[in-house]
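Protein chains in written order, with the working numbering: chain P, 1 to 364; chain B, 1001 to 1291.
Worth flagging that the hints you see were computed from the coordinates, not collected in a lab. Among the hints, a few may not be true.
[Claimed, not checked] 25 Å max Cα-Cα, derived SDA-like pairs, lysine to any residue:
no.	chain 1	residue 1	chain 2	residue 2
1	P	Lys273	B	Arg1200
2	P	Lys273	B	Asp1152
3	B	Lys1154	P	Leu272
4	B	Lys1178	P	Arg32
5	B	Lys1178	P	Leu28
6	P	Lys111	P	Gly90
7	P	Lys111	P	Arg71
8	P	Lys273	P	Ile20
9	B	Lys1154	P	Ser268
10	B	Lys1178	P	Arg31
11	B	Lys1068	B	Phe1248
12	P	Lys111	P	Asp101
13	P	Lys273	B	Arg1161
14	B	Lys1154	P	Met23
15	P	Lys361	P	Arg32
16	B	Lys1178	P	Thr269
17	B	Lys1154	B	Asp1177
18	P	Lys273	B	Arg1136
19	P	Lys273	B	Glu1093
20	P	Lys273	P	Ala174
21	B	Lys1172	B	Glu1157
22	P	Lys273	B	Pro1111
23	B	Lys1178	P	Pro277
24	B	Lys1178	P	Arg19
25	P	Lys38	P	Arg354
26	B	Lys1178	P	Leu272
27	P	Lys38	P	Asp355
28	B	Lys1178	P	Met280
29	P	Lys273	B	Gln1117
30	P	Lys273	B	Val1112
31	B	Lys1154	P	Asn267
32	B	Lys1178	P	Val281
33	P	Lys111	P	Pro85
34	B	Lys1178	P	Leu21
As the structure is a computational prediction, the values presented were derived from the model and not from experiment.
Okay, here's what each chain looks like letter by letter:
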Amino acid sequence: MSDALAPNNAGPRRPKGRRILGMRVTPLTIRRLHNFRKNGRGFWSMWIFVTLLVLTLFAELIANDRPLIVRFDNALLFPVLTDYPETRFGGEFETAADYRDPYVQELIDEKGGWIVWPLIEFTFDTINYNLPQPAPSPPSGTNWLGTDDQGRDVMARLIYGFRISVLFGLVLTAISSVIGILAGAVQGYFGGWTDLLFQRFIEIWSGMPTLFLLIILASIVTPNFWWLLGILLLFSWMALVGVVRAEFLRARNFDYVRAARALGVRNSTIMLKHLLPNAMVATITFLPFNLAGAVTVLTSLDFLGFGLPPGSASLGELLAQGKANLQAPWLGLTGFFTLSIMLTLVVFTGEAVRDAFDPRKTFA
Amino acid sequence: MTDSDPQAGAGGADSTTVAVAKPAPVIDPSTVVAVHDVHKHYTLPRETLWRDPTLVHAVNGVTFTIEKGGSFGVVGESGCGKSTLARCVMGLETLTQGSVEFRGQNIHALPVEELRQLRRHFQMVFQDPFGSLDPRMKVARIVAEPIEALEDTKLDERRARVIEVLRAVGLKESDTDKYPHEFSGGQRQRIAIARALITRPALIVADEPVSALDVSVQAQVLNLLQDLQDEFGVTYLLISHDLAVVKFVCDEVAVMNEGVFVERGPTEEIFANPQHDYTKTLLAAVPQIGG
Chain P
1 MSDALAPNNA
11 GPRRPKGRRI
21 LGMRVTPLTI
31 RRLHNFRKNG
41 RGFWSMWIFV
51 TLLVLTLFAE
61 LIANDRPLIV
71 RFDNALLFPV
81 LTDYPETRFG
91 GEFETAADYR
101 DPYVQELIDE
111 KGGWIVWPLI
121 EFTFDTINYN
131 LPQPAPSPPS
141 GTNWLGTDDQ
151 GRDVMARLIY
161 GFRISVLFGL
171 VLTAISSVIG
181 ILAGAVQGYF
191 GGWTDLLFQR
201 FIEIWSGMPT
211 LFLLIILASI
221 VTPNFWWLLG
231 ILLLFSWMAL
241 VGVVRAEFLR
251 ARNFDYVRAA
261 RALGVRNSTI
271 MLKHLLPNAM
281 VATITFLPFN
291 LAGAVTVLTS
301 LDFLGFGLPP
311 GSASLGELLA
321 QGKANLQAPW
331 LGLTGFFTLS
341 IMLTLVVFTG
351 EAVRDAFDPR
361 KTFA
Chain B
1001 MTDSDPQAGA
1011 GGADSTTVAV
1021 AKPAPVIDPS
1031 TVVAVHDVHK
1041 HYTLPRETLW
1051 RDPTLVHAVN
1061 GVTFTIEKGG
1071 SFGVVGESGC
1081 GKSTLARCVM
1091 GLETLTQGSV
1101 EFRGQNIHAL
1111 PVEELRQLRR
1121 HFQMVFQDPF
1131 GSLDPRMKVA
1141 RIVAEPIEAL
1151 EDTKLDERRA
1161 RVIEVLRAVG
1171 LKESDTDKYP
1181 HEFSGGQRQR
1191 IAIARALITR
1201 PALIVADEPV
1211 SALDVSVQAQ
1221 VLNLLQDLQD
1231 EFGVTYLLIS
1241 HDLAVVKFVC
1251 DEVAVMNEGV
1261 FVERGPTEEI
1271 FANPQHDYTK
1281 TLLAAVPQIG
1291 G
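Work out the full structure: start from the sequences and follow the hints.
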């Protein structure tokens, strides 16, 4: 991009073109940003979603079974960051201290120390042994959204589950977009046999039953985050191929593309500098919806029990528990509302992005 | 389908050795481009499964040479194959038959990468100045595109070259920071010409360079083409449906009809004393004011 900026080093600078975060933005981009901001629903949805995501990124500081700070023996300890053996507090075991254990709390109290707990005193796999009712127990002051059937705090599981769902969705969307754009670009730009064969391959490949493959694979390997990502990537990259291919097919016959070709510009350069900008609008418009799709896929796999390994926090597993424990409606309802609100926020954002890129729509 | 056949890239690896082994050109060194018996046939999509697809003979055996500093015009009605001929000369189409030799090198036999490198010596100006410039790029980038792709010039030298060539086509240094839509059609065509000139090519193929422009602007651009020829000694292959344009710029003219040259010769001779019936019809078809 340095060459693009080169002409500005000398000569009179024209007032046009502002900078946002140091990047030059065209009036068109400004207009799009403006349109996006004007769409209140989408704009706020995005901010709520981003806030939730940023908050849950620090889930360890919000919901954890280790205290944030422990004052013990005139020393400040940070159990969130470091493991301290129980013997550090005068206990008996060399193992890491369990701060929820009344015995450890007593030890700290005896020395006149104090404990600062996170907002929620459970992590996603902490089992609350002093439940007033057998698990799943209903919402209470300690377990705000109740516990699941293994006595784990639903709120804590929700926070961690939200984080892993969104991160999984983001990573899956990002990687599959890159692959999809590359594949679509190659197909659309070269056309002809490349396009024909590639399209037929995609048709066959997209006919593969993803779910069954996953179920089969789940019996061979224990799926973890990266396994699931890899397996879902095998099929999710095709989502963007269609639009990108269409844009490249359309744009490869533009005069300026033919001109660049005749002038001796490399194919890769043409694709990157002349064609990709054309395809970006369509691509960016699709991204939020792909994100929503990726989150749904992970949730449904978890729901069926073929997703993340047992014990990990996941929204799909929460839904499955809700289905198995209809007498404990807080499980199913929590899962339902979290998922539907999250997906609604993403879809509203996506709609706002789509409308902002639409040249026919104007917002006052 | 396109000139950019991905398969052909595989042959590019050993391109250097092939080039060294090539015999020295035997043709007259003053010949810039030699087109020999060029055929270009297109297949239309099959109408039925049982019949062979229809062939379109866009160019059907065309032979000519252009000397250094000359300007060769091709005229003909629309659909006669003249634009296809231009694309064949530029190496943008694969030939059905025949050869195009640029300074003694058969450009259609060259590996993809070598042909791309050779393109700095023959550049093209397109018909539509509104379409041939990327609306997202500033003039400086548009004009610098060929040297960016083909040469290894430093940033400040690149900029100096851009300004030099913009001045040569009558544009200002301050124009480098504008987008194409800020210019009129004539100015845009000047930008396109500047882009073709910046690699200092020996040959410029101009496909209907003025037909998208107002008549008043046409003369300016044609004058510019002539001035540039005097200044840089560039050779032109000019494609036009407009007899006046060809008459104004070219010293040799070929009249094309249905893929072949029906008549060819020095401009004055053709216009003064047309031999072929088609040429006569074409000349007679020019509307005369008061005639």
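The hints, checked one at a time:
| no. | hint | verdict |
| --- | --- | --- |
| 1 | P/Lys273 to B/Arg1200 | holds, 24 Å |
| 2 | P/Lys273 to B/Asp1152 | holds, 18 Å |
| 3 | B/Lys1154 to P/Leu272 | holds, 21 Å |
| 4 | B/Lys1178 to P/Arg32 | holds, 21 Å |
| 5 | B/Lys1178 to P/Leu28 | holds, 15 Å |
| 6 | P/Lys111 to P/Gly90 | holds, 10 Å |
| 7 | P/Lys111 to P/Arg71 | holds, 9 Å |
| 8 | P/Lys273 to P/Ile20 | holds, 21 Å |
| 9 | B/Lys1154 to P/Ser268 | holds, 21 Å |
| 10 | B/Lys1178 to P/Arg31 | holds, 19 Å |
| 11 | B/Lys1068 to B/Phe1248 | holds, 19 Å |
| 12 | P/Lys111 to P/Asp101 | holds, 16 Å |
| 13 | P/Lys273 to B/Arg1161 | holds, 21 Å |
| 14 | B/Lys1154 to P/Met23 | holds, 23 Å |
| 15 | P/Lys361 to P/Arg32 | holds, 10 Å |
| 16 | B/Lys1178 to P/Thr269 | holds, 22 Å |
| 17 | B/Lys1154 to B/Asp1177 | holds, 19 Å |
| 18 | P/Lys273 to B/Arg1136 | holds, 9 Å |
| 19 | P/Lys273 to B/Glu1093 | holds, 23 Å |
| 20 | P/Lys273 to P/Ala174 | holds, 21 Å |
| 21 | B/Lys1172 to B/Glu1157 | holds, 17 Å |
| 22 | P/Lys273 to B/Pro1111 | holds, 24 Å |
| 23 | B/Lys1178 to P/Pro277 | holds, 19 Å |
| 24 | B/Lys1178 to P/Arg19 | holds, 17 Å |
| 25 | P/Lys38 to P/Arg354 | holds, 13 Å |
| 26 | B/Lys1178 to P/Leu272 | holds, 21 Å |
| 27 | P/Lys38 to P/Asp355 | holds, 10 Å |
| 28 | B/Lys1178 to P/Met280 | holds, 23 Å |
| 29 | P/Lys273 to B/Gln1117 | holds, 19 Å |
| 30 | P/Lys273 to B/Val1112 | holds, 20 Å |
| 31 | B/Lys1154 to P/Asn267 | holds, 22 Å |
| 32 | B/Lys1178 to P/Val281 | holds, 23 Å |
| 33 | P/Lys111 to P/Pro85 | holds, 17 Å |
| 34 | B/Lys1178 to P/Leu21 | holds, 23 Å |
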